[in-house]
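Participant: What follows is each chain in one-letter form.
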Amino acid sequence: MEIKIVKKVLEAHEKLAEEIARLLARNGVYAINIIGSPGSGKTLLLERTFEAAAADLKPGVIEGDIATTADAERLQRFGVPVVQINTGPFGGDCHLAPNLIRAALEELPLDDLKTVFVENVGNLVCPAEFNIGENEKVVVLSLAEGEDKPLKYPLAFREANAVVVNKTDLLPHLDVDLDVLRRNVAAVNAGLAVFEASAKTCDGVGSWVEYVRGRLVGR
Amino acid sequence: MHELPVVSSLVTQLQAEVERLGVAGRVTVVHLKLGALTTFVAEAMTFYFDALTKGTALESARLEVEEVPVLGRCRGCGEKLTFEVLPFVCAVCGSPELEITSGRELLIDSLEVRDETG
Ligand SMILES: Nc1nc2c(ncn2[C@@H]2O[C@H](COP(=O)(O)OP(=O)(O)O)[C@@H](O)[C@H]2O)c(=O)[nH]1
Ligand SMILES: [Mg+2]
Ligand SMILES: [Zn+2]
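Chains as they are written, first to last, in this note's numbering: chain X, 1 to 219; chain L, 1 to 118.
Everything labelled a hint here was simulated from the structure, so no lab data went into it. Don't take each hint at face value.
[As the list claims (entries may be wrong)] For lysine-lysine, the following DSSO-like pairs were computed, each having C-alpha atoms within a straight-line distance of at most 30 Å:
1) Lys-33/L to Lys-114/X
2) Lys-33/L to Lys-152/X
3) Lys-33/L to Lys-4/X
4) Lys-15/X to Lys-33/L
[As the list claims (entries may be wrong)] Pair by pair, the computed Cβ-Cβ distance ranges are:
5) Glu-2/X to Pro-87/L: 33 to 41 Å
6) Lys-15/X to Lys-54/L: 24 to 32 Å
7) Ala-70/X to Val-92/L: 44 to 52 Å
8) Val-217/X to Glu-84/L: 36 to 44 Å
9) Glu-66/L to Arg-26/X: 24 to 32 Å
10) Lys-152/X to Leu-71/L: 19 to 27 Å
11) Arg-75/L to Gly-28/X: 44 to 52 Å
12) Lys-54/L to Cys-202/X: 51 to 59 Å
Backbone N, C-alpha and C define an ideal beta-carbon position, used for all residues, glycine too.
Same shape as in the complex, but just chain L (with noise of 0.2 Å):
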């Protein structure tokens, strides 16, 4: 339920950002990219967006969640890791000094827009 005012604050930058690039009406897929140590749920964004969208410049966008995963790096070895399960140690050393670097994204990535023409 808190994707609502998640997903509102989405919709309003967008509105936004087609007004600037001048594409109002012609966007029909909004890439997003959610981090998966996110607790925001792909399906309710995509629910809430349809629902908020409605009646818009971004009635005929459609938005598309993808995951970026928990990646990190070891504090102790330097070792590159990937978190699937938990527990968050080092794989390799079994440290659990780690600097995650990525996991916590809700980034928009990019728009795909259709030809004027089109």
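If we strip away everything but chain X, and leave its shape as in the complex, we get (with noise of 0.2 Å):
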């Protein structure tokens, strides 16, 4: 006998997912999810994010490097609420799952803030596959990486809203082709805002914040 289901595993999670985009939404507060390998600069983005623009982003931090505190401090710095997550029952350690996010937002004085970015977990695997309520997804590819990585992580690429194409500044040193690169990213989502970047430098890092700041219009 064959009985018909039809239901999502992952219903759950989807449902706490909504209840966190609810309540940004009455907050008034943008979230971004910032996806992206181990190095890729995520944590050096938000940095120069914050040099730029802390004081008109508003920005809270969730922080989902598990194993150590160094990410958090290095933002505190800024006098931006960091919130560092720690590794819960579910979602191991690949992903922050929204139960870990709700929890976090608890910590957060969302009152006093425009903006939350939260810095997933180093991997371009799991954080793509699930929503966290956030409003977007950014994938921070470093250069060093390698042109293909949009063509086997396509999933986190036609999530994400933009890609910041980090260190810019290392392209004399790597064989990497940027035209190769961009083709691929088009390939996979050609709806992708695209920011080639230097966090080291800076370079392009004005067009990125621009891009944050235009989120913010109107709201």
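Put the two chains together into one complex; each comes in its own frame, and the hints tell you how they fit.
Facilitator: Dropping the structure here:
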């Protein structure tokens, strides 16, 4: 005998993500879920973003780097509230699940914030899979990872609204072909906003910051 | 490796489902639909499923994963599309403005259950 079920496995996740989205909307907070491999420059990009615009963006941060609190400390220098997430019973250490995000949001002064940046756990696979009630996902991809990454991890690039191609200062030292990378990004998601930047030299960081500012207009 | 928490969710959900349906211990096959765009690997899911159901009311059940293709519709010309390779552009008019309608599924589709007598 066959019994038809047709139920989503991640239904509980999705409900929680919707609840988080409502909580953020009620507080007028815009949440950006930052996804990228370990070392792609997520934290340094956030540091540069806050250097340039912490006063306007009024950011809070949820840090998903499980092992240490080093990233949280780097960001606290800007007077920004940072919550470091600990590994929960669900989700292990490969992505941030919505239950962890909801708990972290309770520790942030949402009334005083305009944005929340979530630095997801470093990897291009699982964080792409799980909505956490964010307004948008952004991929930070460093040039050193190679031009084929959009093709190998299409879901992350499909789910994102923007990609920051970071470490452009390294271009002279790498065999990476930036044109091929651009083409691969477009093949996976032609609608993606692409920012080429160096979080080290700050080159190109300005357009990224303007993009984020633009997200807050009229909110 | 990120299949583990997902399969763990699946097993918890299935346990509630078989209780509700009164078919605990009689499920032989669980049919799961998995979108081709998801990052979950079918073999890893069945591996964890067997491990997590050992000694439970789902011990005799096998997980069968059916892949759901990536389907979409072109916002430009309205063509219905199936994507097997990149790029994600309309095969007819070349437009990248697409609505992806399937490929992200992770669904419990159905259960096969042994008759009470058998
Ligand atoms: N050359 C160069 N190094 C960078 C750039 N952005 C980040 N890094 C370095 O890359 C390493 C990892 O950066 P981090 O922000 O911690 O990456 P995360 O793991 O993604 O948060 C650090 O040593 C950074 O100083 C960049 O644009 N250019
Ligand atoms: Mg970091
Ligand atoms: Zn078309």
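Participant: The structure should be examined with respect to each hint, and the outcome stated for every one.
Facilitator: Going down the list of hints, with the structure as the test:
{"no.": "1", "hint": "Lys-33/L to Lys-114/X", "in the structure": "violated (39 Å)"}
{"no.": "2", "hint": "Lys-33/L to Lys-152/X", "in the structure": "holds (22 Å)"}
{"no.": "3", "hint": "Lys-33/L to Lys-4/X", "in the structure": "holds (12 Å)"}
{"no.": "4", "hint": "Lys-15/X to Lys-33/L", "in the structure": "holds (20 Å)"}
{"no.": "5", "hint": "Glu-2/X to Pro-87/L: 33 to 41 Å", "in the structure": "holds (39 Å)"}
{"no.": "6", "hint": "Lys-15/X to Lys-54/L: 24 to 32 Å", "in the structure": "holds (29 Å)"}
{"no.": "7", "hint": "Ala-70/X to Val-92/L: 44 to 52 Å", "in the structure": "holds (51 Å)"}
{"no.": "8", "hint": "Val-217/X to Glu-84/L: 36 to 44 Å", "in the structure": "holds (40 Å)"}
{"no.": "9", "hint": "Glu-66/L to Arg-26/X: 24 to 32 Å", "in the structure": "violated (40 Å)"}
{"no.": "10", "hint": "Lys-152/X to Leu-71/L: 19 to 27 Å", "in the structure": "holds (22 Å)"}
{"no.": "11", "hint": "Arg-75/L to Gly-28/X: 44 to 52 Å", "in the structure": "violated (31 Å)"}
{"no.": "12", "hint": "Lys-54/L to Cys-202/X: 51 to 59 Å", "in the structure": "holds (55 Å)"}
Consistency note: the structure conflicts with the earlier hints numbered 1, 9, 11.
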